[in-house]
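Numbering (my numbering), first residue to last: 29 to 240.
FYI, nobody ran anything at the bench for these hints, they're computed from the structure.
Certain hints may be false.
To be verified - Pairs of lysine-lysine, DSBU-like flavour, derived with a Cα cap of 35 Å:
no., residue 1, residue 2
1, LYS142, LYS179
2, LYS77, LYS132
3, LYS90, LYS142
4, LYS86, LYS154
5, LYS211, LYS104
6, LYS104, LYS77
Stated by the list, open to error - Derived Cβ-Cβ restraints for the label pairs, each shown as a range:
no., residue 1, residue 2, range
7, CYS184, ASN54, 28 to 34 Å
8, LYS90, ASP221, 22 to 28 Å
9, GLU172, ASP221, 44 to 50 Å
10, ASN54, SER194, 38 to 44 Å
11, GLU183, LYS104, 30 to 36 Å
C-beta atoms are modelled at their ideal positions from N, C-alpha and C, and glycine is treated no differently.
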Amino acid sequence: MRKYTRLAREEAKGSCAAVIRPARLNDAETLLGIYGPYVRNTAISFEYKVPGAEEFQKRMGKIVQKYPFLVVEEDKNIIGYAYASPFHEREAYGWSVETSIYVKQGFHGYGHGKRLYRELERILQKQHYLNMYACLAFTDQEDEYLTNASKSFHECLGFRTVGRFSRCGYKFGRWYDMIWMEKMIGVHGKLPDVVLPPQAELSNDNGGAHCM
Numbered sequence: 029m030r031k032y033t034r035l036a037r038e039e040a041k042g043s044c045a046a047v048i049r050p051a052r053l054n055d056a057e058t059l060l061g062i063y064g065p066y067v068r069n070t071a072i073s074f075e076y077k078v079p080g081a082e083e084f085q086k087r088m089g090k091i092v093q094k095y096p097f098l099v100v101e102e103d104k105n106i107i108g109y110a111y112a113s114p115f116h117e118r119e120a121y122g123w124s125v126e127t128s129i130y131v132k133q134g135f136h137g138y139g140h141g142k143r144l145y146r147e148l149e150r151i152l153q154k155q156h157y158l159n160m161y162a163c164l165a166f167t168d169q170e171d172e173y174l175t176n177a178s179k180s181f182h183e184c185l186g187f188r189t190v191g192r193f194s195r196c197g198y199k200f201g202r203w204y205d206m207i208w209m210e211k212m213i214g215v216h217g218k219l220p221d222v223v224l225p226p227q228a229e230l231s232n233d234n235g236g237a238h239c240m
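All chains, full assembly: derive it from the sequences and hints.
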């Protein structure tokens with residue numbers, strides 16, 4: 029996979045506690061270990077069945093042709109990942125992306141998700157994308173399968189709710205809503221800049237590593 033992130037290593041004693049880097053195809057099984065519990069135990073993902081490693085690799089391979097796919101490591105162990113994907117296939121939507129993020133259970137609340145998203149946004153801006161969208165499961169009555177923490181997380185990062193679909197997702201014998209959240213990350217001029225491919229984004233001299 030391409031190098032997406034620039035070197036932003038802080039001057040500090042010892043090694044970095046956590047590092048953001050581009051995902052690799054051979055990370056697929058580890059990422060599935062993070063994603064799987066969201067599928068099996070929550071309504072955060074509307075998938076019913078955890079995909080296999082081969083299918084997950086195919087998804088990753090398709091995404092990185094145009095979009096960043098990042099992981100965050102702590103002591104060389106992956107504890108979360110985030111990526112962008114097409115908002116819509118039609119050409120006129122070409123400056124918009126959908127974003128997704130998953131943090132390993134037990135590692136929430138330490139700022140890893142926010143740092144991942146900020147780095148993702150920085151890269152997308154460099155590529156000349158203008159709009160970020162997040163599609164989130166939502167409920168008026170939180171339960172053991174779904175809270176609205178994701179909505180609050182995105183609001184903290186500058187997203188706003190722009191749409192809601194009622195009872196459109198069925199999982200665990202219950203109906204859940206879906207909301208779209210939006211963040212503008214660029215200027216919408218009369219003639220937008222051409223979106224750059226991932227390899228044209230500024231890479232660094234240290235394998236894409238970004239210390240947190």
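Going down the list of hints, with the structure as the test:
1. At roughly 13 Å between alpha-carbon atoms, LYS142 and LYS179 fall within 35 Å of each other, so this suggested pair holds.
2. A C-alpha spacing of about 18 Å is found between LYS77 and LYS132, which places the hinted pair at or below 35 Å, so the restraint holds.
3. A distance of roughly 25 Å separates the Cα atoms of LYS90 and LYS142; the hinted pair therefore holds under the 35 Å criterion.
4. The suggested pairing of LYS86 with LYS154 holds, with an alpha-carbon distance near 25 Å, which does not exceed 35 Å.
5. Between the alpha carbons of LYS211 and LYS104 the distance comes to roughly 31 Å, so the proposed pair stays at or under 35 Å and holds.
6. For the suggested pair LYS104 and LYS77, the alpha carbons sit about 28 Å apart, so the restraint of at most 35 Å is met.
7. The hinted range of 28 to 34 Å is satisfied by CYS184 and ASN54, whose Cβ atoms lie roughly 33 Å apart.
8. Against the hinted window of 22 to 28 Å, the Cβ-Cβ separation of LYS90 and ASP221 comes to about 24 Å, which satisfies the hint.
9. Checking the proposed 44 to 50 Å range against GLU172 and ASP221 shows it holds: the Cβ atoms sit about 46 Å from each other.
10. The beta-carbon spacing between ASN54 and SER194, approximately 41 Å, falls within the hinted interval of 38 to 44 Å.
11. Against the hinted window of 30 to 36 Å, the Cβ-Cβ separation of GLU183 and LYS104 comes to about 32 Å, which satisfies the hint.
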